[in-house]
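Novice: Following the hints, position chains B and C against chain A.
Protein chains in written order, with my numbering: chain A, 5 to 240; chain B, 316 to 675; chain C, 3 to 288.
Errors might be hidden in some of the hints.
As the list claims (entries may be wrong) - Only part of the chain A face toward chain B is listed, based on derived beta-carbon distances under 8 Å:
#, residue
1, 74
2, 139
3, 140
4, 142
5, 143
6, 147
7, 148
8, 149
9, 150
10, 152
11, 158
12, 161
13, 163
Rather than coming from a laboratory, the hints here were simulated on the basis of the structure.
Every value quoted in this text rests on a predicted model; they were computed, and no experiment measured them.
Ideal Cβ placement from N, Cα and C applies to all residues, glycine included.
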Amino acid sequence: MMVIYSFNSINSFGVFGGLSIKWYSTLVSNPDIQTAIYNSITVALAATSLAAAVAVLSAFAVSRFSFTGRPALSMAFMIPIIIPEIAESVTFLIFMIWTGLQVYAGWVTVVMAHVVWFPLVYVVVRARLSGFDRSVEDAARVLGADEVQTFLRITMPLLLPGIVAGSLLMFTWSWDSLIKTSFTKGPGFNTLPIYIWAKIGGRRMGATPELNALATLSILLSVLLAILYARSVAKR
Amino acid sequence: MDLEVEILNVSKRFGNIEAVRNVSFSVGKNEFFSLLGPSGCGKTTILRIIAGLEEDFEGTLKLRGVVANNVPAHKRSVGLVFQGTAVFPHMNVFDNIAFGLKMRKVGRDEIEGRVNRVLKLVELDPEIFGRKAVNKLSGGERQRVEIARALVYEPPVLLLDEPLGPLDLKIRQRMQIELKRIQKRVGTTFIYVTHDQGEALTMSQRVAVMHKGEIQQVGSPNEIYERPSNTFVAQFIGETNLIEGACSATGLFEATKVPNLHAIDVTGCAIEDPRGKKVALMIRPEKISVGKELENLDLLLDGIVQDIIYQGSIAIVVLGLTDEMTIKAQVQPGSKLSGVNAGDKVDVGWNISDACVLPL
Amino acid sequence: MAVKERVIGSIRRRKSLKIILILGGPLALFAIFFMVPFLISLMYSIGVPRQLPTAEYYARAVNPLYLKVLARSLVLGTATTLSCLVLGYPIAYFIALKAQRLKNFMVIVIIVPYWVSFLLRAYALMTILDPRGILNSLLLRIGLIENPLPLLYNTQIVALAMLYAYMPFAILPLYASLEKLNVNLLEAARALGASPARTFLHVTLPLSKPGLAAAWLLTFIPATGEYVIPALLGGTGDYYVGQLIWDSFLSMRDWYFGSAISAFYLTIVMVGVILYLKYVGEEVRI
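Next comes chain A alone, as it looks inside the complex (with noise of 0.2 Å):
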């Protein structure tokens, strides 16, 4: 099943009318489709680093401290990715022109709105940490490391695993997010999934081979890449 579906998406690079990789350069040297993906990309990594922070950091204070309010708390946490995305990104609308941040409309806002889903990695994080042999991080602390030290060389990089992969999937989320984005970015920022959407506008259009080109090339790329995943994990 899975492979009709994949199928599918690689069919559509069938419709160039005569082979011609006219469409291709003319994608690449696209001067707005270059910008939206250089957005795509720049959003996502600043939204990924900042919400891998932010998930660390709250998934080590819950883990490891107990305070009132402590369960509550974490299933606060969970809310911004279980609710559906449209109502969320109506509420930083609000938000942005409530509080006069429209001025800053584009890249910080929308980033800012992307942070929102840490979620992703926090909860990653924190399954990682409950399960945690505490005894590596007391032989730490009685060699000499002192609480900040032990975090950072001992207990980070027992948690990057974990971390990487909320990550992925965060990144995966800003590269992909439309509505969001569309909601929060203010007039003239683009991002990939907002060009393409504008491409293929309402109802009733024709293919535009420049999207094919872009559609193949996105395929070929994550065949790559879970190519290259498959075979790193094949190696352990």
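Specialist: Just chains B and C now, kept in the frame of chain A:
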């Protein structure tokens, strides 16, 4: 004797549970000291307090004469060894061992030298093991890496928490000898936590027996074995026989369940004054003589042989003194036992000086 | 130097200070960027900034026209979730319990399409199914049909596309839960005389409840609020809550009404979720 570690009236609770109750003892320089007791007796908690991993406790901890209650763990000069389970999995052997030196800001060249030296001390070839990944080591090798890691920065005190637990018997025995050798060689004070009394007795100069958060007795292995201070220690260490009874005001012991055991002057073999108290007479199996006709013993009783268990160099004879009371004697199978079978009536006896009177 | 030492020492001792230091930033961020917007939006839904609190916008939301939209969304959400679970469970089961060697590979195969931007995938579907697209051209050429099939812009394709899009969200939690299943339990059941069917019903299924609950949550809630798929692939009758909210804000620019609709929709969904979780008897462990 210079005191390396002093524990004075230390208590620690976890929630409602008192893990450690008013414990006091001290450990001298270069001493091999064991904390011995069953699981849950509080010995690991004490170790963690010394290491600085438990912060809220009552009482005083002194390291080298200086009060150390509030000194954070990373500032104390102690080493801590687990069961090989706390080696850093994301570092190789060298980096694991060098960690303590790095934290103390030792220079790179010096680190290299010291790490190699300590690897040789624990008998791991630096050439082979130096850069090895930790997950490729066996349990025993990991154990040694932990020891090396804790010793490399030459702490005056090394704390060991049941380090030989998961190892196979043969390896465990070898490691006991190793640890003793290392301790003598380096001169570090060892504080060793275990539930295995054989281990504690073989390796230590002094042992503290703990039970339910309290110290039962502190003494040399010989003292603990021959002169236990209470019934718990007597039963926890080795095999023993306990005969309940009471001591009169004049110092005469009378057993409650053994009719012929009475009017024994026990004032000489009790730690506390036993007069007028309920006591138990303790006699170790190897101190009991069994035979058809015994002579020259302070105490002689009749017994019926219930079972003889040959164990090669020794034999355990289970004897019934009365219908309810049985004791075990450990004898060397030889002429004394020839012709003795289950069901026979024999003489059982021992000397008062070999026995001990413990409070009940 | 001594001052710094003392400060660090006092921080080390006071647990509350430590918590504030570590949790402060994240909590502030969470509060400012998530909770506050929420509260403001709630205020908007009762018309506050512009006027005194009023239920006017909620009253408008309860109009049968909009209620139909909401109901349609709930139906779509439920249908998507159910079909994803029904189809996804066997797949997850197969991968977790049967395909020993290929496990990782299969998981990758499922995730890879997901890496391609979702929009592009929807777009690909469109090009294929368009009257001038590949599928129709092919069928026409073979002679199977005479006129291009109207495959796009109807509810069926929306439903199918939803199923396609949300499958991974259902499969992955189910897989994670099934993978942790202790196979010994299944063997014990069989040894005790249970047929494969009964083993599944009485052992496997109940034990995969956490996975089911998670899969349900991750599918149902986003599916009801989906905007892109109905907007791209749906016909005139396919108007759902997602689009309603989108249009309220970005087309009609009636933020008050949009907030009311949004709050109303959220409440219904969350109530449904809570009821479901209670019914299933699950405690979703956070």
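Novice: Are the hints correct? Go through all of them and say.
Specialist: Okay, the hints, checked on the actual structure:
1. Interface hint at residue 74 of chain A: violated, since its Cβ lies 17 Å from the closest Cβ of chain B, which is beyond the 8 Å cut-off.
2. Hint on residue 139 of chain A holds. Least Cβ distance to chain B is approximately 4 Å, under the 8 Å limit.
3. Restraint check, residue 140 of chain A versus chain B: the minimum CB separation of about 5 Å is within 8 Å; hint holds.
4. Checking residue 142 of chain A against chain B: minimum C-beta separation of about 5 Å stays under 8 Å; hint holds.
5. Annotation: residue 143 of chain A was flagged as interfacial toward chain B, and the flag holds, the nearest CB pair being 4 Å apart, inside 8 Å.
6. Contact between residue 147 of chain A and chain B, as hinted, is supported at the beta carbon level, the nearest pair being about 4 Å apart and thus within 8 Å.
7. At its closest, the beta carbon of residue 148 of chain A sits 3 Å from a beta carbon of chain B; the interface hint therefore holds under the 8 Å criterion.
8. Interface restraint check for residue 149 of chain A: the shortest CB-CB distance to chain B comes to about 5 Å, inside 8 Å, so the restraint holds.
9. Nearest Cβ of chain B to the Cβ of residue 150 of chain A: about 5 Å, under the 8 Å cut. The hint holds.
10. Annotation: residue 152 of chain A was flagged as interfacial toward chain B, and the flag is violated, the nearest CB pair being 10 Å apart, outside 8 Å.
11. Proximity of residue 158 of chain A to chain B holds as hinted, the smallest CB-CB distance being about 6 Å (cut-off 8 Å).
12. For residue 161 of chain A, the shortest C-beta to C-beta distance to chain B is roughly 5 Å, which falls under 8 Å, so the interface hint holds.
13. Below 8 Å, beta-carbon pairs count as interface contacts, and residue 163 of chain A has none with chain B, the closest being about 10 Å; its hint is therefore violated.
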